[in-house]
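Chain B: place on chain S using the hints.
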Amino acid sequence: MLRRFDVVVIGAGVIGTAIALRLSQTSARVCLLEKTGDVAEGASKGNAGIASSYYSAPGTLEAKLTTASVFRWEEVCKQLNVPFKRIGALMPAMDEVEAQALSQEMELALGCGVRAQILSGEDARRLEPMISEKCISALHLPDEGIIDPMRLTWAFAELAARNGADVNFDSPVIGFGKAGAHLNSVQTPRETIEANFFINATGLHADIISALAGGDSFRMWPRKGQYWILDREFGANLRHIVFSAPSVETKGIHVVPTTRGSVLLGPTVEDGEDRDDKSTTREMLEHAINSAQRLVPSLTLDHVIKTYAALRPASKEPFFVRPDAQIDNLLHAVSRSIGVSTSLGIADYVLELLRDKGLSVTDRLDVIRELPSRLILRHTVNPENLTDLAPGYSQIICVCEQVSAAEIESALTCQIPARSVDGVWKRTGAAGGRCQGSLCLSGILFMCSVHMNCPPELIPVKDDTTVGVGRFDDE
Amino acid sequence: MTNRILIVGAGICGLAVAAELSRKMPTTLIDRLPVIGGITSGYENSVAVELAAQCSANGVDFLLGTAGLRWMDNKLLIAGPATGLRWLDGSHLVYAGGTRPSTAAELRLLGARLAGVYPAMVAYHLTESGVKLGLRPVIIGSGRWAKRVCLALAKRRCRATVISSDPSMETDFATTTWLGWLPVGLHGYGRVAALQAEREGMVQTINCDAVVLAGMLRPMRNIDGAVFDNAQENNVSFVQMLSETANETDRARFGRAAASAVITRIKGITNES
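So the sequence lines, in the order shown, correspond to chains S and B. Under our numbering, residues 1 to 475 are what the first sequence spells out, in order. Under our numbering, residues 1 to 273 are what the second sequence spells out, in order.
Excised from the complex, chain S in its bound form (with noise of 0.2 Å):
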């Protein structure tokens, strides 16, 4: 049986959950399509946590997607419980051509309506006692704040499930149907799904989407990042965000607190063809770690927790979220690197141009608007009660990170559970802490294994491969 939806949204990262949160709070019937197994499995998992306050000249439509989104942040993961802080950032100048940059980049801030304000060099480290000493002048963002973007993601789409979305895992898109310019139907492998309107956001690969809606033609290339990950012990220290100066020829180093506590560097910029390639090399760890270096001369990589790269999507067109002009209800919606921080602005636009493409739906008001509060050990301050609400609770999987059996079992037993090792680390941060595994993986595996109702062998690691590639014949 065909189904049909009024809104078929594709891409699961963190546009498109978030677009198909939105619609779901409307009368419209929606469909998400993600060809992985997992919501953020693109750029959205490698993505380095920052709610950007601004980040292009006032008036684009980026820069007023990002306004759109800035100051919702508090309320947003109140209700979806997802870790955000408003902590500020500090972009400090070393010199004086350094120093002249700050000032073209306050008046960009605070054009896009947000907080800027240029400290002296002392006034600076009063702040950020962390920043380097030749520290001349630094401007303070105090609008930026740090977000938990996989949980994000992961909570987008749980209350879109909750509010009756239609969320399909592996559910590549592999056609569609035609008449002239109009989309029918898209097709997966499992079936032909009919909807009056199609959403674009797949990312780095929004070019094949479109090419094969035969719409707007343009080409996609991955931007990979590389990025260190230093421990929680030292990001105690650091109180702000640290940009590098964009006149800097390291440009795009940042050093970034985490909402888990550790320190994030990076990320590199680096073009490439390959949309897998996921791979770190040397040189540009080397690069990363010594441009950090230069705003933060205590760190040290004596506590790395791991070391990763992630692909942006990188186009010529850099942001668009528009209707396409050859296909009269297909509408993209990429963004680079600023997916997150503009996320909420990016859903209200695409209902807004649905609505003037003739999609006629109402708010509902029987809306769920808040996730069930489940509380993070870690960052429970005095968690001694916990075990009211779940006994689980005082029962550690993973210790470096904190992460308790309540936790992970609601994980795996939520709308969109975690359906390998990395989907539970994505929601819960277990594994992904000091010892990267060593002592919990056992127990995660256990716990996916009676969750699951599946052997260890056969259980994801990732998307598409298992623990084991077998079991010994028992002897």
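In short, the hints are calculated from the structure, not lab data. Note that the structure is a prediction, hence the values are computed from the model and not measured. Cβ atoms here follow ideal geometry from the backbone N, Cα and C, with glycine treated the same way. Be aware that a few hints might be false.
Stated by the list, open to error - Under the rule of at most 16 Å between Cα atoms (straight-line distance), these lysine to aspartate or glutamate pairs were calculated in the EDC-like manner:
id : chain 1 : residue 1 : chain 2 : residue 2
1  : S       : Lys462    : S       : Asp170
2  : B       : Lys75     : S       : Glu384
3  : S       : Lys306    : S       : Glu233
4  : B       : Lys132    : S       : Asp302
5  : S       : Lys316    : S       : Glu384
6  : B       : Lys155    : S       : Glu273
7  : B       : Lys132    : S       : Glu457
8  : B       : Lys267    : B       : Glu233
Unchecked claim - Heads up, incomplete: computed chain B residues facing chain S, CB under 8 Å, no partners named:
id : residue
9  : Arg32
10 : Pro34
11 : Arg86
12 : Pro119
13 : Lys132
To be verified - Some chain S residues near chain B, calculated using beta-carbon distances under 10 Å:
id : residue
14 : Gln79
15 : Leu285
16 : His287
17 : His303
18 : Val304
19 : Thr307
20 : Tyr308
21 : Arg378
22 : His379
23 : Cys440
24 : Asp463
25 : Asp464
26 : Phe472
Chain B in isolation, oriented as in the chain S frame:
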């Protein structure tokens, strides 16, 4: 304020420290496992059993199946099915959480983050429970954990390749060895397919479908507030033996010696205040 000493880790080192310290002051011994002996020696080890008996005789309070999570202001947050979540008062924390092989980042392994790469402890548990990690496993390291995983694999008639940058290590337990080679990177698509190694400017690729991280012991550090060595300023002592070759008697001796250092430190702190 309490003068109770909290010891986290009931392996040989932790037991030895507890047996010694409990002669002088009230002592609580905590371990996340429900048994004594730790991962390395196990609860049936005779040295562990003997030390535990001494601890009991000295009135040590055992909290097994309980994890220590955070240390701040002379309080330790503990969690366990029996104890629940609560703060324990302590005048001093002795962290004897043992050791673990290095992670991929600590070994500075480059390349992608792939499936089929296991910490040695996990590889050992999975192999023992019948999971075939790969058809051509490579083990990084040549110490205690490398040997343990190799022997577990051998029991299943699975051959393993061992790679270690230390050319002098004894690796008679391995089928194939790459001694003196430094592992530098992992390659593959989704799952690991090759390990890259270097020696004197030469680069070689070793095909494999599983990699076990069993090299370079590091001290386990997983209690917030007791991670860096400078946590000593916050009444923390670390008692961890990084030697690959130390046996139970060596570790018991090490633990007892560490106990006297802890007592000297505590006396020093008390005299100052």
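Hint-by-hint comparison with the structure:
no., hint, verdict
1, Lys462/S / Asp170/S, "holds, 13 Å"
2, Lys75/B / Glu384/S, "holds, 13 Å"
3, Lys306/S / Glu233/S, "holds, 15 Å"
4, Lys132/B / Asp302/S, "violated, 34 Å"
5, Lys316/S / Glu384/S, "violated, 53 Å"
6, Lys155/B / Glu273/S, "violated, 45 Å"
7, Lys132/B / Glu457/S, "holds, 7 Å"
8, Lys267/B / Glu233/B, "holds, 15 Å"
9, Arg32, "holds, 6 Å"
10, Pro34, "violated, 11 Å"
11, Arg86, "holds, 6 Å"
12, Pro119, "holds, 4 Å"
13, Lys132, "holds, 4 Å"
14, Gln79, "violated, 26 Å"
15, Leu285, "holds, 8 Å"
16, His287, "violated, 14 Å"
17, His303, "holds, 7 Å"
18, Val304, "holds, 5 Å"
19, Thr307, "holds, 5 Å"
20, Tyr308, "holds, 5 Å"
21, Arg378, "holds, 9 Å"
22, His379, "violated, 12 Å"
23, Cys440, "holds, 9 Å"
24, Asp463, "holds, 8 Å"
25, Asp464, "holds, 6 Å"
26, Phe472, "holds, 4 Å"
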